[in-house]
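**Student:** Kindly produce the complete structure, drawing on both the sequences and the hints.
So you can see what is in the structure, the chains are spelled out below.
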Amino acid sequence: MTVLDTDIREGVDRETVERVQAMAGKYKHGWETDIEMEFAPKGLNTDIVRLISEKNAEPEWMTDWRLKAFERWQQMEEPDWAMIQHPPIDYQEQYYYAKPKSMMEKPKSLDEVDPKLLQTYEKLGIPLKEQMILAGVEGAEEAPAEGRKVAVDAVFDSVSVGTTFQKELAKAGVIFCSISEAIREHPELVKKYLGSVVPIQDNFFATLNSAVFSDGSFVYVPPGVKCPMELSTYFRINAENTGQFERTLIIADKGSYVSYLEGCTAPQRDTAQLHAAVVELVALEDAEIKYSTVQNWYPGDENGKGGIYNFVTKRADCRGDRSKVMWTQVETGSAVTWKYPSCILRGDDSQGEFYSIAITNNWQQADTGTKMIHLGKRTRSRIVSKGISAGHAQNTYRGLVSMHPKAKESRNYTQCDSLLIGDQCGAHTVPYIEVKNNSSRAEHEATTSKVDDDQMFYCQQRGMDEEEAVALIVNGFCKDVLQALPMEFAMEAQQLVAISLEGSVG
Amino acid sequence: MALRKIDHEAVEARLSALDLPQGPSWAAAARRDALERVRAGGLPQRRDEYWRFTRPDSLIQPEPTPAQVLREEGSEIFSGIDRLRIVFRDGVFDPEASDDLAAEGVAIERVAQSGDIHWARDLYGKLEVRGQEPVSRPLAALNTAFATDGLLIRATGKVRRPVALVYLHEQEQSDAILHHVVKVEEGAELTLLETGPAAARFNTVTEVEVADRATFHHVRAQGRDHERRAVTHVFARLGGECVFKCFTLTANGMMTRNEAVIELAGDDAVAHVAGAAVGDGDFHHDDTVFVTHEGRNCESRQVFKKVLRNGATGVFQGKILVRQSAQKTDGYQISQSLLLDGDSQFLAKPELEIYADDVQCSHGSTSGAIDEDAMFYLRSRGVEQSDAQDLLTLAFLAEAIDEIDDRMIAEDLVTQLERWLSRRRR
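Residue numbers (the numbering used here), protein chains in the order written: chain A, 1 to 506; chain B, 1 to 426.
Just so you know, these hints were derived from the structure itself, not from any lab. All values derive from a computational prediction rather than experimental measurement. There could be a bad hint or two in this list.
Claimed, not checked - Have a look at the derived ranges for each label pair, beta carbon to beta carbon:
hint, chain 1, residue 1, chain 2, residue 2, range
1, A, PRO405, B, GLU384, 26 to 32 Å
2, A, MET76, B, ALA29, 42 to 48 Å
3, A, GLU77, B, SER386, 49 to 55 Å
4, A, ARG184, B, GLY281, 57 to 63 Å
5, B, ARG423, A, GLY224, 54 to 60 Å
6, A, GLU409, B, GLN173, 43 to 49 Å
7, A, GLY476, B, MET408, 45 to 51 Å
8, A, ASP47, B, GLY281, 55 to 61 Å
9, A, GLY224, B, SER386, 50 to 56 Å
10, B, SER325, A, ASN45, 45 to 51 Å
11, B, PRO66, A, GLU409, 38 to 44 Å
12, A, GLU409, B, GLN61, 35 to 41 Å
Said to hold, decoys possible - Stretch by stretch, here's where chain A covers chain B in the computed footprint (C-beta under 8 Å, at least three residues):
hint, stretch
13, 342-355
14, 360-369
Don't be surprised by glycine CBs; every beta carbon is placed ideally from N, CA and C.
**Tutor:** Below, the structure is given as structure tokens:
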């Protein structure tokens, strides 16, 4: 080998080493911000439910709604059918409400903002202008924006700390605010749609959320409006022993379009933390909603200590004819994931799509998938799921495709591929297929295999080390899904794929 | 864990309609144990996940629902094959109608008439118990406890003639429980055929142990009495380098639940489980298969095809479990249904559970009507609509029938299917 060759090779190596380092060791978002918080007492009872409602200055009908949910929840049992195992959750050992104290009064400029809060946003990679707005700086909306616009709503522990670009969105008639604000400002919309997709008695975690959700995002896109920018919510659990229960409600009125991004992170902690969100999407006639998630909650350390228990109910109702909903998710975080973004295809000719990458490493467990419920005529759905399991992780795809007798001429195509890295992990597929009329067609394919030896050899022969090669091959394996993500997320997701698999080989 | 509430009343009602059989002493312990398991675990209930698509009611009620006896016309299936014919009438062995049980390379005995010390003691109820994890199969336990008849078949060499069990249904209220144990010794070969409706309600368990390098072929044609109900279990444990192939044809019958529990214990073994089902009207057909890979470098295939019309229901629940030890596994599973009209339905749950990384496992499931392009192709070449439909239906079923190695047996089954198709038009 010549000297030149070595240099180039070393150059490549150096670059990769730097990149991996830049991606910050194990878990990039593992820091915690030491901010003075206002907590509600630990535990859960009707007083706490009332307190949360009171803190959000909610009208009485909302308080009653929560209490009804709480009453129901007390009679429910935690579901146990998923392929996940975790120590029992003590629901009385959690804080159900935490709020940064600095939110009490509106600061005049960034200098007055709790610098720790600002650091948080910086670490999350939120641009300065958005930082100002999130920090609630007066007049921030008028400041010039940099680069491409993405409206951001950040939820910090229990409360939404600020929403950007509200005015610009308002010009288009789009309402984008925290759900607590929506309950106060737009009660008619909230009353009409909240709980109409995920009813309060839906399931154990959704019911718990209905009782104690403290904040979340609300979007309403009026008829015929194409939302002028991507909407985004950033969720962060910061305080210890705090459960986060956000509630998102998105309504796309007739002929409208909206694309929504969601990202999540949490600090590294030894104890597991609970997260139980509910997302409801309503698409009316000819409307389209794109919902993308990059879920990167803290997954616990390499020995399975700590991490987020992520129990999420996400459901879309394609209520109008020709409506369309597309779920895209990249699930790399959380110690336990229990999540099934679903579509009820009620309107004729409506469409549902689900693209998912679930990566589990170390001791992570994911039981995730989707439900496509075909009720309307000529409804179509497509499911592409890629599961990657490494270390001691267990990764399960669980899905339902149901074609009702009246859903004539409907179509479904499902593809679930699993990749195993190492011999201590597991990959499972549990699809349910129910076809109740003969003009519809359902197709399901699933494969499970390991990283191809020939591909590994090819990459390594060209100078990649084992870990890089695996990251590259896995990214190729996930390509179908990564392509479905909006640009902003696609890059982040690709890096996440690489980081999540660190330490999985060798 | 959410506790399953056991309906003890239903259990006791069912048990009260049964008498503990006077069996050989070697089976007594297994029977007692099975009875205790039924009492402790209960019978299948409508809310059980494993019975999600099939209502167990008619299989567990104390008395069977009467089923009209269908007088078959034409010759008996497999009559053209040189076979050792053994007849059961409503679940009772009929020595008069049966051939002499003595045959080269195989020993066949009735359970009730076997001696006190018996090889079957190590298998009777034992493979069934192994098959109760991770999902319980209470109707199999009930069978172990209460089976009134059955055969012990032990193949020691290459058995030339297939052993053919013919199940005749003669009484409208019969409730038959049969339990067979089959042992195929090292290097031996055996073909077991089972045909006929057996009874108004039929519960059968077949426990099969296939030793190293042995071969076992199992072909069933379940009788087509429209009102009969059946639940069958096959529990098989396979040694190294052996071959196990099981095929089931079901044409009609009100209720059929066929469970196959296959354990690939040795290395380099092959297990194929296949089935073709055609049904119309009240027909409800359920194939539930559980294949466990323990040994290395084994191959398993599941191929199930169903043709449904007039509101018939087809169910497939198939699982491939690959344990960590089972590296180099090749697992394949396909379940397909052809819905000939708008009322029929197909419900499927094809599962994979995999703990080994160096494996190739895949499954596919499709459901839909006859391919319009294929239909158009045939019609444009002058083929009548109904003939074209038959042709395409048979072509659809062919992949499952191809799983049968013996061509003569396969042809006989195709003849059955052709008859079913032609009857439909009359």
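**Student:** Please go over all the hints and tell whether each is borne out by the structure.
**Tutor:** We went through each hint and held it up to the structure:
{"no.": "1", "hint": "A:PRO405 <-> B:GLU384: 26 to 32 Å", "verdict": "holds (29 Å)"}
{"no.": "2", "hint": "A:MET76 <-> B:ALA29: 42 to 48 Å", "verdict": "holds (43 Å)"}
{"no.": "3", "hint": "A:GLU77 <-> B:SER386: 49 to 55 Å", "verdict": "holds (54 Å)"}
{"no.": "4", "hint": "A:ARG184 <-> B:GLY281: 57 to 63 Å", "verdict": "holds (59 Å)"}
{"no.": "5", "hint": "B:ARG423 <-> A:GLY224: 54 to 60 Å", "verdict": "holds (58 Å)"}
{"no.": "6", "hint": "A:GLU409 <-> B:GLN173: 43 to 49 Å", "verdict": "holds (45 Å)"}
{"no.": "7", "hint": "A:GLY476 <-> B:MET408: 45 to 51 Å", "verdict": "holds (49 Å)"}
{"no.": "8", "hint": "A:ASP47 <-> B:GLY281: 55 to 61 Å", "verdict": "holds (59 Å)"}
{"no.": "9", "hint": "A:GLY224 <-> B:SER386: 50 to 56 Å", "verdict": "holds (51 Å)"}
{"no.": "10", "hint": "B:SER325 <-> A:ASN45: 45 to 51 Å", "verdict": "holds (50 Å)"}
{"no.": "11", "hint": "B:PRO66 <-> A:GLU409: 38 to 44 Å", "verdict": "holds (41 Å)"}
{"no.": "12", "hint": "A:GLU409 <-> B:GLN61: 35 to 41 Å", "verdict": "holds (40 Å)"}
{"no.": "13", "hint": "342-355", "verdict": "holds (count 14)"}
{"no.": "14", "hint": "360-369", "verdict": "holds (count 10)"}
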